[in-house]
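**Student:** Chain by chain, the residues:
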Amino acid sequence: MNKENINPDPGCAGGFAGASDGRLGALLRESRVSPALPPRFQEGVWRRIEEAAAPVKVTGGITWLDALVTLVLRPRFALATATVLMVAGALLGVREGNQMAHQDAQARYLAVVAPNSLR
Amino acid sequence: MNRSLVILLGALVLGVALFGGSYFAGQRACRMTRPADDLSWLRDEFHLTDAEMTRIQKLHEGYLPKCAEMCAKIAAKKSELETALGGATNVNPVAQQKLAELAALRAQCQSQMLQHFIEVSRTMPPEPGRHYLAEMQRLTLGFHEQTEQSMSGSMGHEHHQP
Numbered sequence: 004m005n006k007e008n009i010n011p012d013p014g015c016a017g018g019f020a021g022a023s024d025g026r027l028g029a030l031l032r033e034s035r036v037s038p039a040l041p042p043r044f045q046e047g048v049w050r051r052i053e054e055a056a057a058p059v060k061v062t063g064g065i066t067w068l069d070a071l072v073t074l075v076l077r078p079r080f081a082l083a084t085a086t087v088l089m090v091a092g093a094l095l096g097v098r099e100g101n102q103m104a105h106q107d108a109q110a111r112y113l114a115v116v117a118p119n120s121l122r
Numbered sequence: 034m035n036r037s038l039v040i041l042l043g044a045l046v047l048g049v050a051l052f053g054g055s056y057f058a059g060q061r062a063c064r065m066t067r068p069a070d071d072l073s074w075l076r077d078e079f080h081l082t083d084a085e086m087t088r089i090q091k092l093h094e095g096y097l098p099k100c101a102e103m104c105a106k107i108a109a110k111k112s113e114l115e116t117a118l119g120g121a122t123n124v125n126p127v128a129q130q131k132l133a134e135l136a137a138l139r140a141q142c143q144s145q146m147l148q149h150f151i152e153v154s155r156t157m158p159p160e161p162g163r164h165y166l167a168e169m170q171r172l173t174l175g176f177h178e179q180t181e182q183s184m185s186g187s188m189g190h191e192h193h194q195p
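First to last, the protein sequences are chains A and B.
Going by the working numbering, the final residue of the first sequence carries number 122, and the count climbs one at a time with no gaps.
Going by the working numbering, the final residue of the second sequence carries number 195, and the count climbs one at a time with no gaps.
Just so you know, these hints were derived from the structure itself, not from any lab.
Just so we're clear, the structure is a prediction, and the values are computed from it rather than from any experiment.
All clues given are correct.
Covered by chain A, according to a simulated footprint, are these stretches of chain B (three or more residues, beta-carbon under 8 Å):
| id | stretch |
| --- | --- |
| 1 | 35-44 |
| 2 | 50-60 |
| 3 | 68-76 |
| 4 | 94-104 |
Backbone N, C-alpha and C define an ideal beta-carbon position, used for all residues, glycine too.
Please build the complete structure, drawing on both the sequences and the hints.
**Tutor:** Following this line, the structure appears as structure tokens:
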């Protein structure tokens, strides 16, 4: 708020004017009705300041997911995983293929030597 | 959707595709590289030598025309049976005779087949020969045993019912 010189006599200056301003200011402060602060106001202010200053918290589920993605996107890890998957798939496929080929061959032999009408 | 989740799901899909592709490629390659002749199972299953396979091949080639002839006779007899049964509401004497002839033909054919298995088993070393004969009897005659056992089992169950 701007302090204005409300002295009606502009020619009058010096100590009298200063003392008059001081008294007037005190009177004005006393006359101003300031509302009562809510309970625990100061504590609330500090809490909000601390919250604003703290880094943004992330929810628990996202943290491990981000860590996992960081791991997955590492070239060495990605290459190793892809290699393991391909080798495991191929080995399992060959094993299954062997069994299927064996069963196919048995069925072929049986179909030739023992037609279905005899079994 | 969360970016990390999308990346992770993409990696998962890629991993599944890699595994599945390798699996099917391996399976296909394995099945395609196997020999496709009629006797390849014998060679692999009983670990036979080339000399044994040559003897078995001769027996096999000798047996096939006899088997085809018997199969043709059985097919003709089945056709006769169907004609005898055509539109009939009961089993007439002609149909009964055809059934008996069909059964006799099947028995003759099975006997011939078992004789062939015995001859093949004799060309093998003793242990694989026994294994082959047991396996062929199980595969060709076992089906009827299973059916008969299941039927007699269900009949027994019925007898116990009040």
